[in-house]
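Residue strings, one per chain:
Number of protein chains: 2
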Amino acid sequence: MVQRRTPPPEPSEGDTALQTDATTSIVGYRLRRAQLSVFQKFLAVFDELKLRPAEYSVLVLIGDNPGRKQTEIAEVLGIKRANFVTLVHGLEERGLVERVPSMEDKRANALHLTAEGKAFLTQAQARHAQLEDETVAQLGGPAARAQLLALLDRLI
Amino acid sequence: MVQRRTPPPEPSEGDTALQTDATTSIVGYRLRRAQLSVFQKFLAVFDELKLRPAEYSVLVLIGDNPGRKQTEIAEVLGIKRANFVTLVHGLEERGLVERVPSMEDKRANALHLTAEGKAFLTQAQARHAQLEDETVAQLGGPAARAQLLALLDRLI
DNA sequence: TATTGTTATACTCTATAACTATA
DNA sequence: TATAGTTATAGAGTATAACAATA
Numbered sequence: 001m002v003q004r005r006t007p008p009p010e011p012s013e014g015d016t017a018l019q020t021d022a023t024t025s026i027v028g029y030r031l032r033r034a035q036l037s038v039f040q041k042f043l044a045v046f047d048e049l050k051l052r053p054a055e056y057s058v059l060v061l062i063g064d065n066p067g068r069k070q071t072e073i074a075e076v077l078g079i080k081r082a083n084f085v086t087l088v089h090g091l092e093e094r095g096l097v098e099r100v101p102s103m104e105d106k107r108a109n110a111l112h113l114t115a116e117g118k119a120f121l122t123q124a125q126a127r128h129a130q131l132e133d134e135t136v137a138q139l140g141g142p143a144a145r146a147q148l149l150a151l152l153d154r155l156i
Numbered sequence: 001m002v003q004r005r006t007p008p009p010e011p012s013e014g015d016t017a018l019q020t021d022a023t024t025s026i027v028g029y030r031l032r033r034a035q036l037s038v039f040q041k042f043l044a045v046f047d048e049l050k051l052r053p054a055e056y057s058v059l060v061l062i063g064d065n066p067g068r069k070q071t072e073i074a075e076v077l078g079i080k081r082a083n084f085v086t087l088v089h090g091l092e093e094r095g096l097v098e099r100v101p102s103m104e105d106k107r108a109n110a111l112h113l114t115a116e117g118k119a120f121l122t123q124a125q126a127r128h129a130q131l132e133d134e135t136v137a138q139l140g141g142p143a144a145r146a147q148l149l150a151l152l153d154r155l156i
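Chains as they are written, first to last, in the UniProt record's numbering: chain B, 1 to 156; chain L, 1 to 156.
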């Protein structure tokens, strides 16, 4: 499995435990810990599909918005168009995405999922839905989920 | 200001808005958005102090646990000891940290804050506390904060 | 043998500059 | 002049391997 990020710090207990009180009470820190924890599970599951988070987001977005330009998809996801090139090429080489030269604008490429890409995305989204269900269960059900989302919204 | 991470995606509205519904309802995604938002503010404030998140964590940890070995501090923070070397050297060159050869174990260095390091950390922690207050206010007060922390705990 | 600090190195992610072909 | 896609490149962050000194 590809380790792309350091697993949660897990305050270790060596000879004598270190004082970590100063950090554990802080919202930003706890938010980061929780986010990394959820993210790690996502990575573990999607590693089997050889799909990185950004690639998954791109597939979902193209699936919902077929025919859009690279720039449009990249911008929504906060990806620089320069970096988006390599990402899309990878998906194209795997036969998941097609870049169709736009006839309206000869500079642009219209992005589409291939038949294989659609099937693959369906599979990935099923996995994702399953992960989400597990997360909601971990939270304590739909009510807790709604509560969390409402709180998170205030931070944006 | 140093841009170390892409600012929040901010679903853009170009000619015709893209469908982003599939992502906006998902806990992992919303968690990441909120975390990045809080993190961005942290970066902006600590950029003035020329202090990166990892460096700040190291200073706090040394402050609370003076005399510990590099390996101990690094491990608690999930930093590889190989990468920790450069980080500590930087803090030492700035006169914030001292590496005292341990007499118990001639291989090890005991980490301490210098007087300047202590003063600097006090200042940084005051800034941090201020940031935390702002975050709590954004959340809607201490009760909302407690609620959020309880929910986040379930995800770890 | 194992551990501490260290160097060297590589890979991913993100960022900017500059080019080309179109608009 | 501005935009779409592209290439090249550079900086962080993070990962492993291997070494000398010491345990």
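Simulated from the structure, these hints should not be mistaken for laboratory data. The beta carbon of each residue, even a glycine, is placed where N, CA and C say it ideally should be. Each hint should be verified, as a subset may be incorrect.
[To be verified] Pairs of lysine to any residue residues, derived as SDA-like cross-links and limited to a Cα-Cα distance of at most 25 Å, are as follows:
{"#": "1", "chain 1": "L", "residue 1": "41", "chain 2": "B", "residue 2": "150"}
{"#": "2", "chain 1": "B", "residue 1": "118", "chain 2": "L", "residue 2": "17"}
{"#": "3", "chain 1": "B", "residue 1": "80", "chain 2": "L", "residue 2": "47"}
{"#": "4", "chain 1": "L", "residue 1": "106", "chain 2": "L", "residue 2": "95"}
{"#": "5", "chain 1": "L", "residue 1": "106", "chain 2": "L", "residue 2": "134"}
{"#": "6", "chain 1": "L", "residue 1": "80", "chain 2": "B", "residue 2": "26"}
{"#": "7", "chain 1": "L", "residue 1": "50", "chain 2": "B", "residue 2": "27"}
{"#": "8", "chain 1": "B", "residue 1": "106", "chain 2": "B", "residue 2": "125"}
{"#": "9", "chain 1": "L", "residue 1": "41", "chain 2": "B", "residue 2": "69"}
{"#": "10", "chain 1": "B", "residue 1": "118", "chain 2": "L", "residue 2": "102"}
{"#": "11", "chain 1": "B", "residue 1": "50", "chain 2": "L", "residue 2": "69"}
{"#": "12", "chain 1": "B", "residue 1": "118", "chain 2": "L", "residue 2": "18"}
{"#": "13", "chain 1": "L", "residue 1": "41", "chain 2": "B", "residue 2": "17"}
{"#": "14", "chain 1": "L", "residue 1": "69", "chain 2": "L", "residue 2": "115"}
{"#": "15", "chain 1": "B", "residue 1": "106", "chain 2": "B", "residue 2": "122"}
{"#": "16", "chain 1": "L", "residue 1": "41", "chain 2": "L", "residue 2": "150"}
{"#": "17", "chain 1": "L", "residue 1": "69", "chain 2": "B", "residue 2": "43"}
{"#": "18", "chain 1": "L", "residue 1": "118", "chain 2": "L", "residue 2": "17"}
{"#": "19", "chain 1": "L", "residue 1": "118", "chain 2": "L", "residue 2": "90"}
{"#": "20", "chain 1": "B", "residue 1": "41", "chain 2": "L", "residue 2": "151"}
[To be verified] Cβ-to-Cβ under 8 Å is the rule here; a few derived chain L residues that face chain B:
{"#": "21", "residue": "22"}
{"#": "22", "residue": "65"}
{"#": "23", "residue": "134"}
{"#": "24", "residue": "135"}
{"#": "25", "residue": "144"}
{"#": "26", "residue": "156"}
[What the hints assert, rightly or not] Example chain B residues on the side facing chain L (calculated, C-beta under 8 Å, incomplete):
{"#": "27", "residue": "26"}
{"#": "28", "residue": "61"}
{"#": "29", "residue": "68"}
{"#": "30", "residue": "86"}
{"#": "31", "residue": "122"}
{"#": "32", "residue": "133"}
Do the hints match the structure? See the list:
1. Distance hint between residue 41 (chain L) and residue 150 (chain B) is fulfilled; the C-alpha atoms sit about 20 Å from each other, no more than 25 Å.
2. Taking the CA atoms of residue 118 (chain B) and residue 17 (chain L), the gap is near 22 Å; set against the 25 Å cutoff, the hint holds.
3. Note on residue 80 (chain B) and residue 47 (chain L): the hinted pairing holds, with a Cα-Cα distance of about 23 Å set against a maximum of 25 Å.
4. Proximity of residue 106 (chain L) to residue 95 (chain L) is assessed by CA-CA distance (about 23 Å); at most 25 Å being required, the pair is judged to hold.
5. For the hint linking residue 106 (chain L) to residue 134 (chain L), the alpha-carbon distance of about 46 Å lies beyond 25 Å, and the restraint is violated.
6. As the CA atoms of residue 80 (chain L) and residue 26 (chain B) are separated by approximately 24 Å, the hinted pair is consistent with the 25 Å bound.
7. Simply put, residue 50 (chain L) and residue 27 (chain B) have alpha-carbon atoms about 22 Å apart, close enough for the 25 Å limit, and the pair holds.
8. For the hint pairing residue 106 (chain B) with residue 125 (chain B), the CA-to-CA distance comes to about 33 Å; that exceeds 25 Å, so the pair is violated.
9. Straight-line distance between C-alpha atoms of residue 41 (chain L) and residue 69 (chain B) comes to about 32 Å, which puts the hinted pair past the 25 Å bound.
10. Using a Cα cut-off of 25 Å, the hinted pair residue 118 (chain B) and residue 102 (chain L) is violated, with the two alpha carbons roughly 60 Å apart.
11. The hinted pair formed by residue 50 (chain B) and residue 69 (chain L) fails the criterion: a straight-line CA distance of about 38 Å is larger than 25 Å.
12. For the hint pairing residue 118 (chain B) with residue 18 (chain L), the CA-to-CA distance comes to about 18 Å; that is within 25 Å, so the pair holds.
13. At roughly 31 Å between alpha-carbon atoms, residue 41 (chain L) and residue 17 (chain B) are farther apart than 25 Å, so this suggested pair is violated.
14. Proposed proximity of residue 69 (chain L) and residue 115 (chain L) is supported: the alpha carbons are some 19 Å apart, at most 25 Å.
15. Our distance criterion of 25 Å between C-alpha atoms is broken by residue 106 (chain B) and residue 122 (chain B), whose separation comes to about 31 Å.
16. With a C-alpha separation of about 23 Å, the suggested pairing of residue 41 (chain L) with residue 150 (chain L) holds against the 25 Å cut-off.
17. Proposed proximity of residue 69 (chain L) and residue 43 (chain B) is contradicted: the alpha carbons are some 32 Å apart, above 25 Å.
18. Only pairs whose Cα atoms come within 25 Å are accepted, and residue 118 (chain L) paired with residue 17 (chain L) is rejected, the gap being roughly 51 Å.
19. Our distance criterion of 25 Å between C-alpha atoms is met by residue 118 (chain L) and residue 90 (chain L), whose separation comes to about 16 Å.
20. Taking the CA atoms of residue 41 (chain B) and residue 151 (chain L), the gap is about 18 Å. The hint holds against a cut of 25 Å.
21. For residue 22 (chain L), the shortest C-beta to C-beta distance to chain B is roughly 5 Å, which falls under 8 Å, so the interface hint holds.
22. For residue 65 (chain L), the interface hint holds, since its Cβ comes within 8 Å of a Cβ in chain B; the closest pair sits about 5 Å apart.
23. At a threshold of 8 Å, the smallest CB-CB gap from residue 134 (chain L) to chain B is about 10 Å, leaving the interface hint violated.
24. Among the interface hints, the one on residue 135 (chain L) holds; its C-beta lies about 5 Å from the nearest C-beta in chain B, closer than the 8 Å criterion.
25. With a cut of 8 Å, the hint placing residue 144 (chain L) at the interface with chain B holds, because the nearest CB-to-CB distance is about 6 Å.
26. The beta carbon of residue 156 (chain L) is positioned within 8 Å of a beta carbon in chain B (closest approach about 5 Å), and the interface hint is therefore held.
27. Hint status for residue 26 (chain B) relative to chain L: holds, with the closest Cβ pair at about 6 Å, below 8 Å.
28. Residue-level restraint check for residue 61 (chain B) holds (minimum Cβ-Cβ distance to chain L is 7 Å; threshold 8 Å).
29. The interface hint given for residue 68 (chain B) is met, as the beta carbon of that residue sits about 7 Å from the closest beta carbon of chain L, less than 8 Å.
30. The criterion of a C-beta within 8 Å of any C-beta in chain L is not met by residue 86 (chain B), whose closest approach is roughly 16 Å, and the hint is violated.
31. Residue-level restraint check for residue 122 (chain B) is violated (minimum Cβ-Cβ distance to chain L is 12 Å; threshold 8 Å).
32. Evaluation of the residue 133 (chain B) hint against chain L yields a violated restraint, the C-beta minimum of about 10 Å exceeding 8 Å.
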